[in-house]
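Trainee: Those protein sequences? They're chains V and E, same order as listed. Reading the first sequence from the start, the letters are residues 1 to 239 in the numbering used here. Reading the second sequence from the start, the letters are residues 1001 to 1239 in the numbering used here.
Because the hints were derived from the structure by calculation, they are not lab data. A hint or two may mislead.
As the list claims (entries may be wrong) - List of simulated lysine to aspartate or glutamate pairs, EDC-like, C-alpha gap at most 20 Å: (1) LYS175(V) to GLU151(V); (2) LYS1049(E) to ASP134(V); (3) LYS49(V) to ASP1030(E); (4) LYS49(V) to GLU1212(E); (5) LYS1049(E) to ASP1136(E); (6) LYS1175(E) to GLU64(V); (7) LYS1049(E) to GLU64(V); (8) LYS1149(E) to GLU1078(E); (9) LYS149(V) to ASP1030(E); (10) LYS175(V) to ASP1195(E); (11) LYS175(V) to GLU1212(E); (12) LYS1067(E) to ASP1098(E); (13) LYS1149(E) to GLU1170(E); (14) LYS149(V) to GLU170(V); (15) LYS1175(E) to GLU151(V); (16) LYS34(V) to ASP98(V); (17) LYS1049(E) to GLU133(V); (18) LYS146(V) to ASP1195(E); (19) LYS1146(E) to ASP195(V); (20) LYS49(V) to GLU1133(E); (21) LYS49(V) to GLU64(V); (22) LYS1175(E) to ASP1136(E); (23) LYS1149(E) to ASP195(V); (24) LYS149(V) to ASP195(V).
Number of protein chains: 2
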Amino acid sequence: MNSRRRTPAATGKPAAAASPWRASRERLRDRALKRDAVIQAAAREFNRKGYHNTSLDDIAARLEVTKPTVYYYVTSKEQLLFECFVAGVEQIHAAFRDVRTLPVPARERLNAVLRHYGEAVASEFGWCMVRAEDQDLSPAMSRHIKALKSEIDHGIRRLIREGVQDGSIEPCDAKMTAFALAGALNWIAHWYREDRTLTGAQIAQAFVTIFEGGLRPRGGPAPVSSSVRTRRTRGASAR
Amino acid sequence: MNSRRRTPAATGKPAAAASPWRASRERLRDRALKRDAVIQAAAREFNRKGYHNTSLDDIAARLEVTKPTVYYYVTSKEQLLFECFVAGVEQIHAAFRDVRTLPVPARERLNAVLRHYGEAVASEFGWCMVRAEDQDLSPAMSRHIKALKSEIDHGIRRLIREGVQDGSIEPCDAKMTAFALAGALNWIAHWYREDRTLTGAQIAQAFVTIFEGGLRPRGGPAPVSSSVRTRRTRGASAR
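Bound-form chain V, shown alone (with noise of 0.2 Å):
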């Protein structure tokens, strides 16, 4: 409806300054806005009560909107999930790309990513990022979300053997210290629904520091500073 307000002919300007595709691009940009709602909706309620225990019903009721409007959007509770995990685990793969070219050591790239990691499992969509493997998903779903995840892992180990390499980390297992980083970090999406005394962002920086303690190397330099920020792509919003 907001669309025909748009048309040459509501306007009354010429048809030239109002592409024939506007309208339609407009509607799609709508469309995007209302799916991210309702994923949004959606990961609140995964959150709250367990995927489980949420049915669409719930997630509709939550948008006062009914079932079948939902499901223009989403063809199922499971791919809601999905998107609820990928709006999560997306800003994550962001803070990667936005690091790769910086012209800091390693463990610098590695603090900002670990920050968005942090920030984002803090998120509304940390529930769903950190437990969406253990909801019985089919096989295919399930695949998806391993590889999205392993993805992550070696993002990881990979800045941490670049770290080694170049000095700005102590030599350590990566493995062993990647999986010891991810599960601090994931943990927070278990504690943080109960103790919500800080924001997630001030949680994501007292985990840095934390981390940054053991992995720059002994007698080395002070702490970077906290300014390495990249852009960071806000969940569903920027999808």
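Dock chain E against the given chain V, drawing on the hints supplied.
Mentor: Using the frame of chain V, we list chain E on its own:
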């Protein structure tokens, strides 16, 4: 049946040597051993298939007994999950008790606790320890589990604060550091099911080494040896 062989009449020994309570003590021990077997079988099933996908029939089948036999040892599936949880966390509680009076710096006591923690999470009780809370338990059971977990959390924070005070731990935010340590360890239950290239003890040691790098004071003494090993309570079999 076993106990009958040991009654005075059967052994021919004087009644004084075999207390009339002995048979009943042995029956109790026998019952405790069988109960532990039920708990261990349950832990394996929960670990493999998840709590909601496991029935008491599955557990009975694994033990080659009937379901009523299982009910002889536990009153419900929920209680069974709770017992599995307790079998895991008891190893950590025991470690706290063991290190309490050790005349070593707090960091070494903390290391010993964290090593037992890591081994417990990598044990067959790990999944139940970490996931019990998310299984829609009764409010009373949930509170009980939370209280036992909270005790561990506060025990770790206390050791961190003591370490900062005695100079064996770099000053840090005790609460956040305790969350980071516990998170890293809890997450073992997640990935260890699929990646069993190391033993639980090796993983626990690798994690303590990683933590050690972050905990010990900058420019402080060299890492402590891994010799502080306390008596370990072996899960269900020691209860």
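Trainee: All hints are to be evaluated individually against the structure, with a verdict given for each.
Mentor: Comparing the hints with the structure gives:
no., hint, verdict
1, LYS175(V) to GLU151(V), "holds (13 Å)"
2, LYS1049(E) to ASP134(V), "holds (10 Å)"
3, LYS49(V) to ASP1030(E), "violated (42 Å)"
4, LYS49(V) to GLU1212(E), "violated (37 Å)"
5, LYS1049(E) to ASP1136(E), "holds (16 Å)"
6, LYS1175(E) to GLU64(V), "violated (40 Å)"
7, LYS1049(E) to GLU64(V), "violated (36 Å)"
8, LYS1149(E) to GLU1078(E), "holds (17 Å)"
9, LYS149(V) to ASP1030(E), "violated (46 Å)"
10, LYS175(V) to ASP1195(E), "holds (11 Å)"
11, LYS175(V) to GLU1212(E), "holds (17 Å)"
12, LYS1067(E) to ASP1098(E), "violated (38 Å)"
13, LYS1149(E) to GLU1170(E), "violated (25 Å)"
14, LYS149(V) to GLU170(V), "violated (25 Å)"
15, LYS1175(E) to GLU151(V), "violated (30 Å)"
16, LYS34(V) to ASP98(V), "violated (27 Å)"
17, LYS1049(E) to GLU133(V), "holds (13 Å)"
18, LYS146(V) to ASP1195(E), "holds (13 Å)"
19, LYS1146(E) to ASP195(V), "holds (13 Å)"
20, LYS49(V) to GLU1133(E), "holds (13 Å)"
21, LYS49(V) to GLU64(V), "holds (18 Å)"
22, LYS1175(E) to ASP1136(E), "violated (27 Å)"
23, LYS1149(E) to ASP195(V), "holds (15 Å)"
24, LYS149(V) to ASP195(V), "violated (26 Å)"
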